[in-house]
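Peer 1: One letter stands for each residue in the lines below.
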Amino acid sequence: MTKQDASEQPASADHLTNCLSMVMHHEEVHMMVNVIERILADQTQASEAPEEM
Amino acid sequence: MQNVDNVLSQQVDLPSPPAIISQLTTMMSQEDVGSREIARVVETDQGFAARILKLVNSPFYGLARQITSVDDAISMIGITSLQQLLLGTSVMSNLGTDGSSLSIDDFWMHSFGVGVLAKHLLSGQSSDARNEAFMCGVLHDIGRLLFVKMDPERYERFYDGGQSVTDLEKETQWFGADHQQIGHALAQKWNFPPRFATAIAYHHLPDQTSDSTALVAAIHIADLTCHALDLGQSGNQFISYFSPSAWKNLELNEEVYEKAVRLALDEIRETETMIRAIS
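Line by line, the protein sequences give chains A and B.
Numbering-wise (numbering that gives the first Met the number 0), the first sequence opens with residue 0 and increments by one.
Numbering-wise (numbering that gives the first Met the number 0), the second sequence opens with residue 0 and increments by one.
Relax, there's no trap hidden among the hints.
Here are the simulated EDC-like cross-link-like pairs (lysine to aspartate or glutamate), alpha carbons at most 20 Å apart as the crow flies:
#, chain 1, residue 1, chain 2, residue 2
1, B, Lys258, A, Glu26
2, B, Lys258, A, Asp41
3, B, Lys247, A, Glu27
4, B, Lys247, A, Glu26
Treat the hints as calculated values from the structure; they're not laboratory data.
Modelling step: build the complete structure from the supplied sequences, incorporating the hints.
Peer 2: Laid out in structure tokens, this is it:
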């Protein structure tokens with residue numbers, strides 16, 4: 000399976016951590032991570048929403 | 000650049016650009032180009048003309064009547080969208096990934112994502128600057144496609160080994176040159192605008208050029224972001240270099256960056272339909 004539908008599938012927090020682990024000493028990267036974590040949380044919430052109805 | 004010349008002369012023949020792409024990139028650098036002139040160029044290539052008509056007649060536009068002329072089609076989607084989508088899809092289809100496990104769909108999604116986000120990171124700049132950022136984002140990793148063309152098995156062994164996408168020294172050890180240098184050589188052969196070639200050549204090391212700094216910075220930040228978001232793929236998604244000066248150059252803070260990323264993701268979702276219609 001490709002990840003062509005990636006924009007519809009939340010990435011994982013593990014991936015985010017692994018991907019940026021070597022550049023986390025930059026404060027700007029911390030800001031990036033904060034933003035991406037919020038977006039991932041929103042995506043996860045949106046993907047779970049139909050099941051809650 | 001001696002290494003790049005050696006690699007290119009000994010290991011791979013750079014593909015020649017499709018004639019229509021040369022013409023379109025030349026026209027892009029000119030002012031006051033109208034849809035009729037563009038249509039005349041597109042009509043010289045039946046494959047391109049068919050893609051455009053397929054796009055405007057796709058459900059994405061939901062038109063009540065069928066569009067049958069290229070001129071009408073270009074009026075519908077706009078010249079900029081036309082140029083961007085044709086250039087992006089033609090580069091991907093010409094370089095391809097046959098013989099490799101690299102998915103061209105994933106590669107395209109990563110490249111497209113970088114283009115869209117780079118455009119939003121330059122939201123305060125002119126529409127020309129933003130469109131340029133989109134194009135450069137789409138094309139930034141074309142050097143990787145050439146690695147696949149050179150030696151698909153070596154490419155797979157390299158990236159299966161858990162390499163960083165930003166470890167250019169290791170790429171040079173394996174391939175004789177890194178993907179920025181190879182991409183830059185292709186950009187020059189295809190007569191891309193010089194700013195495009197610069198963005199391709201320095202997207203991982205934006206501090207090493209004093210040309211087109213905002214453009215190169217936007218591609219750098221957008222590239223890292225798309226890797227972090229796991230959006231498509233372009234080799235192993237593991238980052239070992241970040242440029243704080245690129246972040247400062249774009250005058251980013253958490254709020255501005257978040258707005259750009261969210262807008263970009265919304266646009267990517269909407270535009271995916273368009274891409275599939277013409278691919």
